[in-house]
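Turn these sequences into a full structure, and let the hints guide you.
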Amino acid sequence: MSFTKYRYLKFAFAGLAAFSIAAVTPQEGQLIELKNFVNARSESKFRVSDDNKIYELRKGTKAVIGEKPVEFKDPKTKIPYAYGLCLKILNADVSTKKDCYWVYYRESAKNLEILDVQGEEQKKLLESWKAESGKKIPLTVINENFKPTKGADSKSKLTTTPKENLPVHVAEDTTSYHEPHYPKPKVAAPKKSIEKAYRKELPPTADTSGADNLNTAVIAKATEINSRLNTDAMKPEPAKNGCDGKCATPALNKGEVCKPGKNDYLEKDMEQLQKNPQTIIAQLLNTSQPEKYVKDECFETALQFKGGSYKTCSGNQASIKVDRPCASDNLKKVARASFDMTMNCLGEFLTNDAKTVPSAAQSFFFMIAHESGHNPNAVSWSGAGGSSQLTDPLDENTKRPAGAIAHFNRTEKEVMLDYLNKKNDPQCTPIKQVLQQGMGEGPQNSCDRISLQKGNPLLNLVYGLGYQKFLRRNVTKLLTENAMAVRIFSNIEPQAREFLENQLSLWGHNTGPSGMTGAIIRYLAKHPNKQIITTKDAIDMLSAMKTSIKAEGRNISEPTNYLAAVNKRSEYIQKSTGVGTCAVK
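The sequence shown begins at 43 in the working numbering and counts up one residue at a time.
Calculated directly from the structure, the hints in this document are not laboratory data.
Here the structure is a predicted model, which is why all the values come from computation and not from measurement.
All C-beta atoms, glycine included, are put in the ideal place defined by N, C-alpha and C.
Since no wrong hints were added, every one of them can be taken at face value.
In silico DSS-like pairs for lysine-lysine, Cα to Cα no more than 25 Å straight-line:
{"hint": "1", "residue 1": "K317", "residue 2": "K304"}
{"hint": "2", "residue 1": "K301", "residue 2": "K375"}
{"hint": "3", "residue 1": "K130", "residue 2": "K140"}
{"hint": "4", "residue 1": "K317", "residue 2": "K474"}
{"hint": "5", "residue 1": "K397", "residue 2": "K519"}
{"hint": "6", "residue 1": "K172", "residue 2": "K77"}
{"hint": "7", "residue 1": "K455", "residue 2": "K474"}
{"hint": "8", "residue 1": "K441", "residue 2": "K101"}
{"hint": "9", "residue 1": "K375", "residue 2": "K304"}
{"hint": "10", "residue 1": "K101", "residue 2": "K363"}
{"hint": "11", "residue 1": "K592", "residue 2": "K519"}
{"hint": "12", "residue 1": "K101", "residue 2": "K140"}
{"hint": "13", "residue 1": "K465", "residue 2": "K455"}
{"hint": "14", "residue 1": "K375", "residue 2": "K474"}
{"hint": "15", "residue 1": "K166", "residue 2": "K101"}
{"hint": "16", "residue 1": "K464", "residue 2": "K397"}
{"hint": "17", "residue 1": "K568", "residue 2": "K519"}
{"hint": "18", "residue 1": "K397", "residue 2": "K578"}
{"hint": "19", "residue 1": "K95", "residue 2": "K140"}
{"hint": "20", "residue 1": "K317", "residue 2": "K301"}
{"hint": "21", "residue 1": "K130", "residue 2": "K172"}
{"hint": "22", "residue 1": "K178", "residue 2": "K130"}
{"hint": "23", "residue 1": "K95", "residue 2": "K363"}
{"hint": "24", "residue 1": "K363", "residue 2": "K77"}
{"hint": "25", "residue 1": "K130", "residue 2": "K101"}
Derived Cβ-Cβ restraints for the label pairs, each shown as a range:
{"hint": "26", "residue 1": "T589", "residue 2": "R452", "range": "33 to 43 Å"}
{"hint": "27", "residue 1": "K592", "residue 2": "Q359", "range": "31 to 41 Å"}
{"hint": "28", "residue 1": "Q320", "residue 2": "Q486", "range": "24 to 34 Å"}
{"hint": "29", "residue 1": "R529", "residue 2": "K464", "range": "31 to 41 Å"}
{"hint": "30", "residue 1": "K334", "residue 2": "Q486", "range": "34 to 44 Å"}
{"hint": "31", "residue 1": "Q469", "residue 2": "V299", "range": "26 to 36 Å"}
{"hint": "32", "residue 1": "A525", "residue 2": "Q320", "range": "46 to 56 Å"}
{"hint": "33", "residue 1": "K165", "residue 2": "P122", "range": "23 to 33 Å"}
Written out as structure tokens, the structure reads:
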């Protein structure tokens, strides 16, 4: 994925020659100015597992590096690749200022810039800041329920490499800069996770990076850079259903109670849109279809997961942050009607075989449950938005949107419309409506991904399925045309192939098409004499492929563990809902 480069801004002051701001090695005492949103910690700890209060620092925040930066060094070269910075905020609108707000920084980050000025120049810059209008920048606490670790020292140093996608990656977004925050779950995940069933520990394998060159025969380099999606993987935690924590067992099969002025904003939107029968929301609310692919209870459970971030839209302007919408009966109906309509109308378009649609529907459902909890206004720090968490960054060379949305609009949209026109099913009319309206490209159209007024969640799901079609086509092409793959999969059982294609295309939602096909080729190169025949063989292959996943410019743990995380979410939903399986038999 690649993104637009910001021009370096120039600051001019009376009697002072203009100077350019550039990325520099941070040092104590240097001045900082935020060019967009970034999250900060109360302590110099950046892992998800750390109990750490998180603050949202906004564009225009100005600060001084208050201590010697903490260095994160490459274990081989010992060269620093990132830093933990202690920011002393100069213009935050808070009653009590902390000594340090800790942020994670790389020189490639564009949301945070270090002003490389010293001596008299620095004094003049500070004076100019003091002479400004005096408007304070709001500083927001994100995780208000934080409970500090006993004996925690706010100046303690970071001693381990962060294990999450850290704020440095906000440089990859051009709208809002939020890293994912995962609240500690109050409901424990099942002890037997699906990840264990998928993974058996393997010894390190030999380097086969030379096999990467084969990837160019599968898909263009540009797609590898521009089509990668990001996720906002939320920790499973059922909502309290308005019980204020007093419920022993959440009533997951009933609509959640909305709190006026707190989490009822989508409920109000749906009530308003339902007044016009021509709106997509009115059509979805008036749709009545029997369960076909996924049980109703599973939608309820997915919608009530907590974690992640949510926004609302007024026109094309997105809000900063709102509470998760209440999982009302209406929202559940809209979410499942959107999903059912998408699979009923486009399931065979996705798989090319009516018999394989049910299993593909299960994979798609759990992928969306992992990405957004089926909440239409879920957003990610990376700019991903909506049920499918679609992104559309700018290509740094062409300055044009080059993500999943742009790709779909340019290569998949007309194919899908042609398929629906030939299908000529009146029940699919709402899908044709949202497709003809389309989804705007680029970060400036982020509301197209989350707004109910724009036809979401149906629009987002249709685009998400279209992206899955693109991924599946690349996976199938590789498995059937690559010489190594033809040999390895020559005797694979139909059920095993169906399972494998579902899982690989699902995994590709996070790695991107080239990330997935490249990983498959690296696996094939490492196991040239392997025969994949049964579903168990396919599971073993997926487990071994974790060592073949590569990611450019981001933490390797997310793409490596994405498939296991989705399947763990699937297991959790089915167990906590108590339906045995979400599949409708």
